[in-house]
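Build the complex from these two chains, which are given one at a time in their own frames, with help from the hints.
Protein sequences, first through last, are from chains A and B. Going by full-length UniProt numbering, the first sequence opens with residue 1, and the numbers climb by one from there. Going by full-length UniProt numbering, the second sequence opens with residue 1, and the numbers climb by one from there.
No lab work stands behind these hints: they were computed from the structure. No residue lacks a Cβ here, since even glycine has one placed at the ideal position from N, Cα and C. Treat the hints loosely; a few may be bogus.
[To be verified] In silico EDC-like pairs for lysine to aspartate or glutamate, Cα to Cα no more than 20 angstroms straight-line:
1) B:194 to A:179
2) A:33 to A:48
3) B:194 to A:48
4) B:138 to B:20
5) B:201 to A:179
6) A:33 to B:44
7) B:138 to B:200
8) A:92 to A:14
9) B:194 to B:184
10) A:113 to A:95
11) B:138 to A:48
12) A:7 to A:67
13) B:147 to B:49
14) B:201 to B:47
15) B:147 to B:55
16) A:33 to B:47
17) B:142 to B:47
18) B:147 to A:67
19) B:142 to B:200
20) B:201 to B:185
21) A:33 to B:55
[Said to hold, decoys possible] Which residues of chain B face chain A? A few of them, derived with a C-beta cut under 10 angstroms, are:
22) 24
23) 54
24) 57
25) 88
26) 126
27) 152
28) 198
Spelled out, the chains give:
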Amino acid sequence: MQQREEKQLETAVESLISRVAHVKNALSSFIYKLENEYERLTWPSVLDNFALLSGQLNTINKLLRNEKTPAFRSQVIIPLLLSPDRDEDLAKLTEQRVPVFSHEIVPDHLRTKPDPEVEEQEKQLSAEAVRIGPELAQKHIQALNKLCSNLLEKLNNPREDREGDASVRQNKASFNPTDTSALVAAVAFGKGLSKCRPPGPVAPGHPGQGPMMSGGPTLQQVTIGGGSNQQAGMGGPGAPQQQGQPGKMPSSIKTNIKSASGSIHPYNR
Amino acid sequence: MEAPPVTVMPVTGGAINMMEYLLQGSVLDQALESLLHRLRGLCDNMEPETFTDHELVYLLKGQQGNPFILRARRSLSHPTSPWHLRYLGQPEVGDKSRHALVRNCVDVAASQSLPEFLNEMGFRMDHEFVASGHIFRKGAMKVVVSKVSRILVPGNTENTERMSLSYLVELSILAPAGQDTVSEDMRSFAEQLKPLIHLEKIDPSKQRH
Chain A
1 MQQREEKQLE TAVESLISRV AHVKNALSSF IYKLENEYER LTWPSVLDNF
51 ALLSGQLNTI NKLLRNEKTP AFRSQVIIPL LLSPDRDEDL AKLTEQRVPV
101 FSHEIVPDHL RTKPDPEVEE QEKQLSAEAV RIGPELAQKH IQALNKLCSN
151 LLEKLNNPRE DREGDASVRQ NKASFNPTDT SALVAAVAFG KGLSKCRPPG
201 PVAPGHPGQG PMMSGGPTLQ QVTIGGGSNQ QAGMGGPGAP QQQGQPGKMP
251 SSIKTNIKSA SGSIHPYNR
Chain B
1 MEAPPVTVMP VTGGAINMME YLLQGSVLDQ ALESLLHRLR GLCDNMEPET
51 FTDHELVYLL KGQQGNPFIL RARRSLSHPT SPWHLRYLGQ PEVGDKSRHA
101 LVRNCVDVAA SQSLPEFLNE MGFRMDHEFV ASGHIFRKGA MKVVVSKVSR
151 ILVPGNTENT ERMSLSYLVE LSILAPAGQD TVSEDMRSFA EQLKPLIHLE
201 KIDPSKQRH
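Chain B with its partners taken away, still in its complex shape (with noise of 0.2 angstroms):
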C-alpha cells in the first residue's frame, strides 16, 4: 500500500504557517459593472460567483494591551453551510518594497453553535456587518468584490445599510510562508485592473483615528 500523498497527511508537529498576502482597492457604484467585466475576462472562466455573508468579530482581553481578534463567517446565502473562524496576525513589516500586506492567517470551519462557544469562552462580539457580492479565482488568487453593510439591529441581518456608495475589492492568496515571489503576481494582475481600480497594500493600523 503506498503512502498518501504529502497534502493528505496529517501535519504534526507543528502547522504549516499559511500567510495571507493581501491588496485592497474600491470601485464607485457607477463603474461596478466595468470592473466586473474586466475581471470575468482577465479571471478563471467560471460562472460569476456572488455570495452574501455576515461576519462577526469577536475579541477577548487578556491582561496585556492587544486584544485577541478572531473572526467569524456565516453565509447567508447557504444558511446550513458551516461557519468560518478565521485569525489574522498582525502584518508582517519587512522588507518595505514587498507589494501586498502579509500576515498570517489560520482558518478553520465551525459548527453553527460558534458564537455560543465563543461566548462561554469568553470573547465578546466587537462588531459585525454583512457583505455581499462577487467572487473571482485566477489560479490562486482570489478577487472578491463586496459592498458591506452595517447591521442596524445587532442579530437582525435584513436590516442593513451600506457604509458607501463603494464596492470594496480585494485581492489575495493564501501561500505557505516565505513565498514571496507571490507578491509578484499579485502586483502585476493589479496593474491590470488600473486605472479602473488602484489596488495598493493598506495598513490597517494606520487608518485608525
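One chain only, chain A, in its complex shape (with noise of 0.2 angstroms):
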C-alpha cells in the first residue's frame, strides 16, 4: 500500500516537472518574441502564444485533478542539510538558478504560506468582509450573480442567431472544394493545362508530325484506344487544348523505340 503511494507520488510529480518545464519553455519564447521581435509580431499570433499556454495550464489543471494523483498538500517537505557551499548537482537539476541550498534560499522556496504582503491583503479582506454584515454581503452576491447571467445570455444569444446565418459563414470560408479539385487534376493529369505540342516545322520525310497531331497521344486521348489515334487527335476532347503553335521542343529523332510501335503512324514503314 505505502509503495503503491509513493510510486503515484514519484510519476505525478516527475509528469508534473515535464508540465512545467513544457509551460516554462513556452513563456521564455512567447518573452523573447515580444522583447525581439516587437515589430514583425502580429495579434494572431500572440493570439496563438496565450492559446498554447492556456492548453498547457489545462493539462497541469487535469493533472492534478486526476485521481490517481496523491494530494500533494498532505506531503510535506523538510529540510535535512544547509550548507553555505555550491553545490553543483543541484545548480545542473535547477539550471543554474539555485546554485547554492542555504538559509537565504529556503524561506522561498519551501514556503508553504501565502508571501508577507498577500497575506495583509488577505486579512485586510476578510477584515472588510465581517464588517458589513450578512445582509449587506447576500445582497451584494445576489448583484454580482444577476450582472453575471445578464452577462451571459448577452453572449450566448447573438452567437445563436449567428450559427444560423449560412451567408455569413461562406463569407469567412477558407478554402473552395472546386478549386481544390480543379487543382489535384491539373497537377495530377494536366487538366486545364494547353498540351505541348513537337515543333510543327519538322523535315518533310519525317510522317505524321503535322500541327494538328500530337506526337504521341495526350492522356484523355488514351482513354477512347491507343489504335484510332488519327481520329483521336482530329476529334478529341483535347482538341479545344490543343494550340496549334509550333511547340519550342527539340524534334525528335525516329528512333527504333518509336518505329516499334509503329500503328500509330499513317505511313507504313
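Structure (C-alpha cells):
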C-alpha cells in the first residue's frame, strides 16, 4: 500500500515537472518574441501563444485533478541539510537557478504560506467582509450573480442567431472545394494545362507530325483507345486545348523504339 | 573494420519499395497567411522555405492502353541543382478506411540533359506547369503550399498565368511499403488544420472529366 502511494507520488511529480518545463519554455519563447521581434509581431501570433499557454495550464490542471494523483497538500518537505557551499548537482538540476542550498533560499522555495504582502491583503479583505454584515453581503452576492447571468445571456444569444446565418459563414470560408479538385486535376494529369505540341517545322521526310497531331496521344485520348489515334487526334476532347502553336521542343529523331510501335503512324515504313 | 550502417549499404536484389502517402486540399488566397502561420506553429521550427519549380510531365505510349508517365522537375530558384525525376504508380486500392492516398513512388536525380534524354528514349512531354510556394516539414511529414501556374508559351517559364485563386496544399510522407501507421499520423495532423483547410484523399482517376 505504502509503495503504491510512493510510486504514484513519484510519477505524479515527474509528469508535473515535465508539464511545468513546457510552460516555462513556452513562456520564455513568448517573452523573447515580445521583446525582440516587437515590430513583426501580429495579433494572431500573440493569440496563438496565449492559446498554447492556456492549453498547457489546462493539462496541468487536469493532471492535478486526476484521481491517480495523491494530494500534494498532505506531503511535507523538510530540509535536512543546509550548507553555504555551492552544490553542483543542484545547480545542474535547476539549470543554474539554485546553485546553493542555504538558509537564504529556503524561506522562498519551501514556503507554504502566502507571501507576507498577500497575507496582509487577505487579512484586510476578511476584516472588511466581517464588517459589512451578513445581509449586505447577501445583497452583494445576488447583484453579482445577476450581472454575470445578464452578461452570459448577451454573449450566448447573438451567437445562436449567427450560427443560423449561412451567408456569414460563406464569407469566412477559407477554401473552395471546386478549386481543390481543379488544382488536383491539373497537377495529377494536366487538366486545364495546354498540351504540348512537337515542333511544326520538321523535315518533310518525317511522317505524320503535322501541327494537328500530337507526337503521342494525350492522356485524355488514351481512354479512347490507342489504335485509333488519328481520329482521336482530330476529334478528341482535348482539341480545344491544342493550340496550334509550333512547340519549342526539339524535334524527335525517329528512333527504333518509336518505329517499333508503328501502328500509330499513318505511313507504313 | 566494422560494417557500414544498413541505410548506407547498397540495396541489391530488388529495391526498397517506397510508397508515397498523400493528402490534398486547397486554400484561398485571403486565408493563405493564417494557414502559413498555423503551419509555422505546428511544424518543425526552421526558416520558412520557399521554392519555385518547373515540372514537366512525360508520357511514353506503349502498345497497350495506359501510357507510362514520368515527372521531371527542376528548381527555377536554384538553376544549377540536379533535375528530379519521379515515377508515381497507380493509387493502391486497398482498405477503404485508409486515410491517405497510397501509391508507389520512385525518385531519382538527373542531370541537366534530362529532357533531351527522355525525348531520345521516346517520351513526349504532355504538359508542364510552374509551382511556387512554401514547404514545411514535421518529422517525416512534408507539407507543401504551392500556387500552380500554367505556362502560356511552351518552354518559357517567365510567362505564366495562375490556374486559380487558390493555393494547393499537399501533405505527404515517403515511407517503405507496409507502414500503415503513417496514415494515422497524417490524419491527426490534418485534423489540426481544420477548419482552415480540409485535407483529404482525392483519387485522381475520379477527377477526370
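Okay, the hints, checked on the actual structure:
no., hint, result
1, B:194 to A:179, "holds (17 angstroms)"
2, A:33 to A:48, "holds (12 angstroms)"
3, B:194 to A:48, "holds (15 angstroms)"
4, B:138 to B:20, "holds (16 angstroms)"
5, B:201 to A:179, "holds (15 angstroms)"
6, A:33 to B:44, "holds (17 angstroms)"
7, B:138 to B:200, "holds (18 angstroms)"
8, A:92 to A:14, "holds (17 angstroms)"
9, B:194 to B:184, "holds (16 angstroms)"
10, A:113 to A:95, "violated (26 angstroms)"
11, B:138 to A:48, "holds (18 angstroms)"
12, A:7 to A:67, "holds (14 angstroms)"
13, B:147 to B:49, "holds (14 angstroms)"
14, B:201 to B:47, "violated (28 angstroms)"
15, B:147 to B:55, "holds (13 angstroms)"
16, A:33 to B:47, "holds (15 angstroms)"
17, B:142 to B:47, "holds (14 angstroms)"
18, B:147 to A:67, "violated (51 angstroms)"
19, B:142 to B:200, "holds (15 angstroms)"
20, B:201 to B:185, "holds (14 angstroms)"
21, A:33 to B:55, "violated (38 angstroms)"
22, 24, "holds (5 angstroms)"
23, 54, "violated (12 angstroms)"
24, 57, "holds (6 angstroms)"
25, 88, "holds (9 angstroms)"
26, 126, "holds (6 angstroms)"
27, 152, "holds (8 angstroms)"
28, 198, "holds (7 angstroms)"
In summary, the structure is inconsistent with hints 10, 14, 18, 21 and 23 from the numbered list given earlier, while agreeing with the others.
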